[in-house]
Each structure stands twice: as structure tokens, then as C-alpha cells.
Amino acid sequence: MIDKIYSYIKDKRHANIFFTVLGALIFAIIPLFTDVEASYLIYFLFLTFVHTVIAQGWNLVAGYAGQISLGQNAFFGLGAYTTALIWLHDITKTGYYFDPVVMILSGLVPIVLAIIIGIPLLSRLRGDYFAFGTLGIGQIIIVVFLKARAITGGADGLHIPSTVYESIVPYYYTGLLLALFAIAVVYFITRSRIGLALRAIREDEMSAASHGVFILKYKVFAFAVGAFLTGIAGSLYAYYLFHINPDSVLNMNWLFYPILMCVLGGTGTIMGPVIGAFFMTAIFSFGDVYFAQTHPIISGVLIILVMKFMPTGIIGLKDRIFSRGK
Amino acid sequence: MNLILTLRVLVNGVLFGTTYGIAAVGLSLIFGTMRIIFFAQGTFIIFFAYISYWLLTLLGIDPYLSLIIVIPASLLLGSALYYGIFKEAAANEDKNISLLLAIGLMYLIENVMLVLWTPDPRSVVTSYTTLVFRPFGIVIPFTRLTTLFIAVLTAAGVFIFLKKTLVGTAVRAASEDMVSTTLMGINPNWVNAVAFAIGIGLAGVAGVALATIYPFDPSYGFIFAIKALIALALGGIGNVYGALLGGILLGLIESLGSFYVGGGWADAISYGVFLLVLIFRPQGLFGGSIKKA
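In the order they appear, the protein sequences are chains A and B. Residue 126 in the working numbering sits at position 126 of the first sequence; the count goes up by one each step and never skips. Residue 1081 in the working numbering sits at position 81 of the second sequence; the count goes up by one each step and never skips.
Honestly, the hints are just simulated from the structure, not real lab data. Some clues are possibly wrong.
Said to hold, decoys possible - To give an idea of the interface, some chain B residues facing chain A are shown, with a C-beta separation under 7 Å as derived from the structure:
{"hint": "1", "residue": "Gly1104"}
{"hint": "2", "residue": "Leu1108"}
{"hint": "3", "residue": "Val1112"}
{"hint": "4", "residue": "Asp1267"}
{"hint": "5", "residue": "Leu1275"}
{"hint": "6", "residue": "Pro1282"}
The model shown is predicted, which means the values in this text are computed figures rather than measured ones. Cβ coordinates follow ideal geometry from the N, Cα and C atoms, glycine included.
So that you can see chain B by itself, here it is in the shape it has in the complex (with noise of 0.2 Å):
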């Protein structure tokens, strides 16, 4: 018994930390171009489990079938964002400034949520939310078994985009070195577009498929981007498949320590393991060699 309720805690924890991880993932491409962390990333995850939500409530479109609509919609606004706010902070030499404006960004939609569709907590309800499998005794939701398919989806798409497409090559090398890559002949402002687009489209798939597990609030934004750049941490910044690890790697922390030390305590464990893997481990868990900032 004590056994089949460890290895529940344990599945749910890495089910709820691939919503983590796909978070993690986006930061993670943006930190390789544009040598930010962008703040605003859970924000925007928020923002659009509530469009999720909405489309759900209004026009009756199922949560997963959002995801047709949501992931163009996300990758335009990415793109426009980059054009419209960062393009000229991001040549900048000063990062800070891009930093800030992220900060802005995250001030502003989060207040203008909390206007519009007030501070009460939500949540998608469909016919499948309460559907739960129970092989050999351990429960799983059926959405958050198909959270984890769709985060493994998600990384492998983005995997093979920065692997096999020459736009993928161009951001690749962009992470490595921004200086040489624009001496070889490409726009600086293009892979930085295409790597902020792709991270507003994971925030896009990670707020869906948070909607579908998890009430959500404006301000539970923040708190989600803390937790995407602990998972950054744990997995290595710049390393993109060690984000996703890093994401699974915390959830189980989380489900382990409101699990055997208490539901508020979780939180402080995973920031203490956070501090302690900046102070002794800065290259991550799962990278290899510290890559040059």
C-alpha cells in the first residue's frame, strides 16, 4: 500500500512537472538568443489558459482542440512582441533594459487580467476532466497523462526543428555565439524573432495544457514563471532538453515534499534546492560544460 501511494505521488510528480518543463523549454530558447531571462513567459502561460478557457466557455471549442487555434495565434504575438518592443532593446549591450521591459510586459497583462476577468480562480471542465486511469492502483488523470504526451510532442518538435531546419541551425548558432552568426551572413533580428515567437508558442501549449489540469489565476502567472526558471536551473540555461528534465525534476520535488513534509513547505524546498544548484551546480544537473554567456 505504502508502496502504490509512494509511486502515486511519484507519477503525479513528473505528470505535473512536464507543464513545467515545456515552460522551461520556451525561457530556455529565448535565454540562447537574446541572453534574457523573460519573466513575463508565466504570465503569458496564464493569459492563455484563459483564452483557452474562454473558447471553451463562449464558442464550446474542446481545451485540446485549442491548441489549433492557440498555437498560431501565440507564435504571431511572439513575433510581434519581438518587432514591436524588444527589437531595439535586444541589440542593445545593455541587457538589462530588455529585462525590464519584460517586466513591464508582465506588470501590464497580468493587471490587465485581473481587470477583465478578475482575481477569482478558473478552471476548463470537460466531459474527460474527472476520467482517471488506475493501472495497478495508481490514479491518473486522463488530462494530465495527455499533458505529459503533448509536452513530449512539443520537445520533440522543437528538438527536430533546431536539429534538421536551417532556421533551427541559424538559432543554434545564434545560442552559440550571436557575433559570428550575424558575420555569417544572418539577420540577428530574425533568429531572435523566430526564438521569442517559438517561446510565446510553448507558453501558448503550456497554458493549455495547464488549464486542462489545474485552476488557474491572473496572478498565478508569476509564481508559474519562478517555477519555469527553477526547472531552467535545474536543467542547465541553454539547454534545451535538459529543461524539460529540469521541469519533470521538479515536480517530483514538489509532489514529494507536500507529500512528506507538508503542503506550504513544498515551495521553500524547491527554492532551497533552486539556491543550492545556482551556488554549486551553475551549468545545471543534466549539462555538461558551463556555455559561455
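Isolated chain A, as found in the complex (with noise of 0.2 Å):
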């Protein structure tokens, strides 16, 4: 038995599904053994998964098709108002937590976002570009929703009623749930022709072109797709939050984040993304708890340390050790 499952993950493609369906498994039975109201180890992983996603959105626009976007606060904080507007409103008239049309709705309005400045932004040959543009529009985006304050109520925000608050049990499945789909959605797309498309496209756009890919087409849609997986992962943090500002769910940190967790994991991996995550999420847990005020510091230490000694990763560290010893 053992035998086979070693001989099973031997392949590398199996070993990514294997240790992806274990972890799912493990996670999904954490919950049974520990005191889930009163454990910090919930809480922890509920942040972690929501991490997942939005360093798994980042890790397709940059890590696959090379395209370093700026302005991922933009469509997380769009992906919560959407939540929290539509929540507030009952505008689906289902009227009940956790809806996953109103979760789905919260990753299409980014996608929308993405398309209409993703077109012309990304039909400039010159990547530069794009990252400036999409700094600019999460900027934009910040004073249109303090200055639209009959509907989104300014600086202060919007609250939605926290009384329907009962555990964090659900939160945690649906943040696993989201994961997984993130790292699935990456995963199938990277594997199929679209793929190999942005591949080429980062390595190399001229010759990409030259050889019949329709660059924009693809560069948009890595843009859309992960515009739509960071919304949904701000989505379930406005169920979360119950109370979101522009402060708390547009600010830089959530452009920023995605970028050191798949930075510090591996850009352009399957699991780096994931990897970073936990680090990231268990360095900032740890910091919040022992000195809150410093750790900021830590984290921009750690990208510059990351960055100089190891800029393909933890997922590249790995490869460097292994071939070093051949």
C-alpha cells in the first residue's frame, strides 16, 4: 500500500494533487479536535486561506504571465463593497450569509474592473506600464469611494448588522473551500494551452506574438482571473469584517501582501504561493501578538533578506539544495 502511493507521488504531477488533497483532508478535520471558538489556530488558518487566494490571484498575473500588477487592493476592496453593498441592500433577495451568488457577484464586478483597464493598459508592449496604471487605479478607486458618500459611506464605511455572527466554523470551511479553488483554478490553467501561452508571453513577448499568440487576449485574461479570485477572497473578508472602510480593505497592505507571500514561496509555482502564504501569515501572527508595532519592519527586512539570498523562493530554495548535492 505505502509501496504504491510512493511509487504514485513519485511523479511530480501527482505529488502536487496528492499533497494538495492530504492538506485539504488534514485542514478539514483540524476543526474537530480543537476548541474552535476560543483557538487562535483558527484564526490563523482562516487567515491564511484568505491569503491563499489573493496570493494565487497575484501569482497568475505575475508569476505566469509576467505582468506585475499594482493594484490588487483595488479589486479586493471592490470585491468586499460589493459584498457589503449588496448584503446591505438584499439586492439578490436572498437575504442570507455567506450567499454564494453574492460571492460569485463579488469576483465578477472586479472582473469587469479588470477588463476595462486591463485592454489598454496591457496593449502597451512595455510592462512598466501596466504596474503604474493599475497603482493608479487603486488610487482612484480609493477617492471615488470617499467621496461617493451617499452609497458608500465615506470614510467610514459601511456596517453590516454583526449580530448574525455565530462561529467562525463556517468562515474557516469557506476560506478552505476558496483555497483550494484558487490553487485548482491556477492549477488547470496553467496546465492547459492557456498556460503555455502566458508562459511563452513571459519569457518572451516578441516571439510569443511572432508565433501566432494573441498576446492581449491572454494577458487579460490572467488579469481578469486573478481580478476575480482576489474579489471573492474580499468577499469572504467582508463577511468578516462586518464593518469595511476604505482604510481597512483598500489600503496597500492587501496590494502588497499578495506580492511578499509569492515572493518569499516562489513566483510562478503552483505551491509557492501556498508556502508564502503560511510563512507570511505566521510571521505577521507572531508579530501582531509579541511586538505589534515592529513588525512591519520585520516584513521589509524579510522581502529585502528574500529578495537578495533566495529571489526564486522558498520552491527554488529546494531546487538549489537538491542539485547543489547531485
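Two chains, two separate frames, one set of hints: put the complex together.
Below is the structure:
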């Protein structure tokens, strides 16, 4: 039996699936063995799942398509605001908590934005323009949300009735499902023809175009899928926060976190962002508890050290150690 | 009366825009050789604004006089940072590593400043802070006029350095084509370090200038970096003179926007202009043909 499993996971493709399923099962049973409401572990894992989703969203755009997006906070905030607005005004008329329809809608609104800004910005050959342009989008959204007080509540934001909160368990499982969904989406995209096209674009845009890849279509597609994942994560986070404002869901951290996690774990790999999400969330949580004020300093030092000494991330480190042994 | 009011808005816009301009010139130089947008530029500007503030508060050194200390110190810091952090990454084909290093540096310095110097806004107050000139009823604060003067002087200095000195020629050559420049026997690290050091040096100048005219706090650095980036895009990326003009134009857009449309919207307007320029005129408003990336 063990022999069979071993020979099955020796193939790298199988190993990814095997460990993802194994990990999912372990995470699925953790709440059964812990004191759910008192345990910090559950909250920590919930945050890790949210971070995994946004990290995978960025990973697809930057890691596979090679386009550095600096506007992920706009998508996260847009997803959160969509959820809060639908919930408050009961637009979908379903009116229950954790409505999957609402969550999907919260992913679709960022897609619309991603397509509108993606087409003009991504049709330029130079990647820098995309990075700048997306940075501008996040800032415009913040200003518009602050000014449109009648709809978004301005700087104070929106309050969702927090009386519906019963337990963290549904959050935990929704987060786990979303994280698995994000991993699966990125995994299957990158293993398809689309993934091949994206990698070709990342390596050499000119060459990809001359081989008949419709560059703009694929880049916008990757950007839109990334926006979808980020928006859904924002939706889940809004359900958890109950009070959302530009400070909490549109701030720059939501732009830096996914980048940090991907970079630390290994950009352009499937498991890299997951590992990165675990590490970063652990460092943030540890820092929050023991030295609340200084933990961003540690994260800053960490980014510099990682980029300087292991620019391919933790996943790359593994490859480097093994290749050195040969 | 209305004309004078408009003139006042215009003059103030130009005067404030020069600070963006200095920052954008620094960004432009670093971009020219290293091909990255140095996101931490704004944070360094705020850092040097604090240095100028502490020199005044603790040692009683006048902000303009502190330039004598700040400029060499920032040049040294710039070359140390290049050789300490960016050297390997700059040689790498993948520019994202340098970009992320800059983001990490920004995050680090901003939070160190937050812890050391608290998020309370500070401003440099001297005997001449309230001094104003009133030619034709237009109010021109002395400090802003000095800023314009410093900006023009700095831009001229950078211009002469690039045109007349051998090192400057090497920097210009490297911005055109790094590979050929290296083949001509120029050490790419040396050129990169020079450009980087001047970039940080310009952040020092901009920091001192900013400290005298505007209250600042650690988180303002990122906003300032974006403003400098907008100025750079308006002027044309990789174009030193355009960058200064772009900064002035941005200052004008902001002051006209906040006067005629309303305070909070000025930001949205400048980002809107920025996006439009990126989409329709990526070579910048003052640039000729698009440069090779």
C-alpha cells in the first residue's frame, strides 16, 4: 500500500495533487479536534486561506503571465464593497449569510474593472506601464469611494449587521474551499494551452506574438482571473469584518501581501504562494502578538533578504539544495 | 480680482510642482540605467525631510544650510545602498527582483520612521516660514520661491553633469544601450551606482525642499512617490528635462483641480490624467519618439 502511494507521488504531477488533497483533508478535520471558538489556530488558518487566495490571484498575473500588477487592493476592496452593498440593500433577494451568489458577484465586479483597465494598459508592449497604471487605479478607487458618501459611506464605510455572526467554523470551511478553488483554478489554467501561452508571453512577448499567440487576449484573461480570485477573497473578508471602509479593505497592505507571499514562496509555481501565505501569515500573527508595532519592519527586512539571497523563493531553495547535491 | 486669484493658483501650482519635478528627475536617472521604477524614492524624500527637521530642531541648523550635509550624505547612502542591496539584482535579466527590493526598502524605511518618529505630521518652522512676497497681489511664500530656485539649480546641475562630464556621458550611454556601453569598457556597476547615488541625492534635495514648504509624516512618502511617478510619466520616462516639466505640470493640474473642483478630487484628476497619458501618449507629453526599453 505504502509502496503504491510512494510510486504514485514520485511523479511530480501526482505529488502536487496528492499533497493538496492530503493537506485539505488534514485542514478539514482540524476544527473537530480543537476548541474552535477559543483557538487562535482556527483564526490563523482562516487568514492563511484568505491570503492564499489573493496570493494565487497575483501569482497567475505576475508569476505566469509576467505582468506585475500593483492594483490588487482595488479588486480586493471592490469585492468587499460589492458584498457589503448587496447584503445591506438585499439586492439579490436571497438575504442569507454567506450567499454563494453574492460571493460570485463580488468576483465578477472586479473582473469588469480588470477588463476595462486591462485592455488599454496591457496593449502596450512595456510592462512598466501596466505596473504604473494599475497603481493609479487603486488610488482612483479610494478617492471615488471616499467621495461617493451616499453609497459607500465615505471614510466611515459600511456597517453590516454583525448580529448574524455565530461561529468562525463556516468562515474556516469557506476559506478552505476558496483556497482549494484558487489553487485548482491556477493549476488547471497553467496546465492548459492558456498556461503555455502565458508562459510564452512571460519569457518573450515578441517571440510569442510572432508564433501566433494573441498576447492581449491572454494577458487580459490572466488579469481578469486574478481579479476574480482577489474579489472573492475580499467578499469573504467583508463577511468576517462586518465593518468595511477604505482603510480596512483598500489599504496598501492588500497590494503588498500577495506580492510578499508569492515572492517568499516562489512566484510562478503552484505551491509557492501557498507556502508563502503560511509563512507570512505566521510571521504577521507572531509579530502582532509579540511586537505589534515593529512587525512591518521585520516584513520589510524579510523581503529584502529573500530577494537578495533567494530570489526564487522557498520553492527555489529546495531545487537549489537538491541540485547542489548531485 | 478673479484674474489675480487664478494667477495665484497657477503660481502656487508651479512652485509646488517643482518639488515633484526634482523627485521625478531622480526617478528618471535611476530608470535610465537600472530600468526599474524606484518606488522607495518618496520614502527617501520623507526620510531626508526628517533629517532636515532634526538638524534644525536638535542642532539649530537652517534647512537650506543643511543641504551641505544632506547632499553628500544622501549620495553616500545611495552608493552604499546600490552596492549593498541592488548590485546583484541589477545584473539580473528579471527586473522584478529590483522592483521588489525597492518595495521592501520602502516598507522597511517607512515603518522604521513610524516607530522612531511617530505618525504625527511635522513641519519645519523657521523665522522666514511666514515671509511672503506680494507682487501684483499674488501671494508668493519665500520658501516656495526658494524651492523653485533650488529645483532649477539642481536640474541645471544634473544637466551639466550629464552633458559635460565623462561620467555623465557614460550614464547617458548606459541609458541608451547598456550592453554596448559595457562592451566599450564601462563598468555597468559603476554607472548604475552613479545614477542611483544621484537619484538618492535628488531625493535629499527634494526632502529638504519639501520640509520647508509642507507638513509631512512617514506615510506621505508613498503618495509622494506616486506623484513623482505621475510627473515622470507626464514628462516622458527616461527624459530628464521632461521630468522637471512634468512635475510642474502636475503641480498645476493639482492646484487647478483642487481650486475649481474641490480638494479631495485633485488626486483623482491627476491619476486620471496619468492614466490617459499612459494610454494615449506613453512617450510623455514633452518626449519625442519612444525610447527603447
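Results of checking the hints against the structure:
no.	hint	verdict
1	Gly1104	3 Å, holds
2	Leu1108	3 Å, holds
3	Val1112	6 Å, holds
4	Asp1267	5 Å, holds
5	Leu1275	5 Å, holds
6	Pro1282	6 Å, holds
In summary, this structure violates none of the numbered hints.
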